[in-house]
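Engineer: Given only the sequences and the hints, what does the whole structure look like? Please build it.
Numbering-wise, the sequence shown is residues 1 to 250 according to UniProt numbering.
Treat the hints as calculated values from the structure; they're not laboratory data.
Be aware that a few hints might be false.
Only pairs whose alpha carbons sit at most 30 angstroms apart, straight line, appear in this in silico DSS-like list of lysine-lysine [what the hints assert, rightly or not]: (1) Lys224 - Lys50; (2) Lys203 - Lys250; (3) Lys7 - Lys51; (4) Lys86 - Lys51; (5) Lys224 - Lys64; (6) Lys198 - Lys250; (7) Lys203 - Lys145; (8) Lys64 - Lys8; (9) Lys92 - Lys117; (10) Lys117 - Lys51; (11) Lys7 - Lys64.
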Amino acid sequence: MSKNFTKKYEIHYYEVNSKMRCKLPSIINFIEDVGTQQSEYLGGGIEYCKKNNCGWVFYKYDIKMHRYPMFGEIISITTQPVGFKKFYGLRKYMIHDEEGNLIGEASALFFLIDIEKRRPMRIQSEQYDFYGVDGDVDYDISMEKIEKCDEEQYQKQFDIRYSDIDSNNHVNNVKYVEWAIEAVPPDIISKYVLRRIKVIFEKETAYGDKISVSATVKEIDNGKLKSYHKIRNSEGSQLTLLEADWDKVK
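Structural biologist: Structure (structure tokens):
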């Protein structure tokens with residue numbers, strides 16, 4: 001039986017938007033943190049990874065928010081490692097408010113890399129023990145695919161700053177979501193709320209590069225919107241794909 005881990009988070013002023021609602025990138029930071037904290041608690045954290053020249057990196061995630069917490073609220077996030085498969089690890093997350101209501105849920109697929117070679121590496125046997133995982137799963141853990149869209153309605157460019165780089169010496173995954181949201185027109189941001197986002201990280205990028213972000217927005221049934229995003233580096237290589245669902249603010 002894999003091990004659960006729960007941590008509480010207060011929603012601070014710097015984590016909310018103009019409507020005092022917690023921003024999605026802040027939620028993703030919490031999700032990243034709770035998994036890291038579990039790894040530290042179980043003995044598979046930063047020091048273990050340094051010693052074994054390895055690091056977990058996000059490959060895909062799928063986040064659904066039923067309700068965004070407001071400024072001052074305290075939420076709890078529970079994470080559970082679902083299973084391992086060779087290089088890959090699948091985690092699930094549940095987000096609850098103070099009354100115990102489920103307000104969000106997420107899945108994330110990681111792979112373990114050799115830090116020096118920047119290549120996937122086999123998950124060490126002790127990591128199975130850390131997380132209470134009994135061997136590799138015998139089913140597909142690749143998660144739901146992202147719908148392809150060739151059209152590109154909106155474009156923005158960004159310079160990668162030193163502050164965008166994380167401890168694995170590449171751009172932190174939250175930055176890609178921030179860039180994607182920035183490419184959406186302001187009137188959509190003000191009139192709609194982002195309910196679900198699916199992300200696949202295909203390639204790394206580094207400090208000093210220039211990033212191009214495209215967004216295409218389509219209306220679907222009942223006035224809901226879908227947006228499709230591509231992020232490329234200065235050489236035109238595709239780094240990340242994103243797909244997002246938006247509901248009109250009531």
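Engineer: Does each hint hold? Answer for all of them.
Structural biologist: Structure-based check of all given hints:
no., hint, verdict
1, Lys224 - Lys50, "violated (45 angstroms)"
2, Lys203 - Lys250, "violated (38 angstroms)"
3, Lys7 - Lys51, "holds (26 angstroms)"
4, Lys86 - Lys51, "holds (20 angstroms)"
5, Lys224 - Lys64, "holds (15 angstroms)"
6, Lys198 - Lys250, "holds (23 angstroms)"
7, Lys203 - Lys145, "holds (17 angstroms)"
8, Lys64 - Lys8, "holds (19 angstroms)"
9, Lys92 - Lys117, "holds (28 angstroms)"
10, Lys117 - Lys51, "holds (15 angstroms)"
11, Lys7 - Lys64, "holds (19 angstroms)"
In summary, the structure is inconsistent with hints 1 and 2 from the numbered list given earlier, while agreeing with the others.
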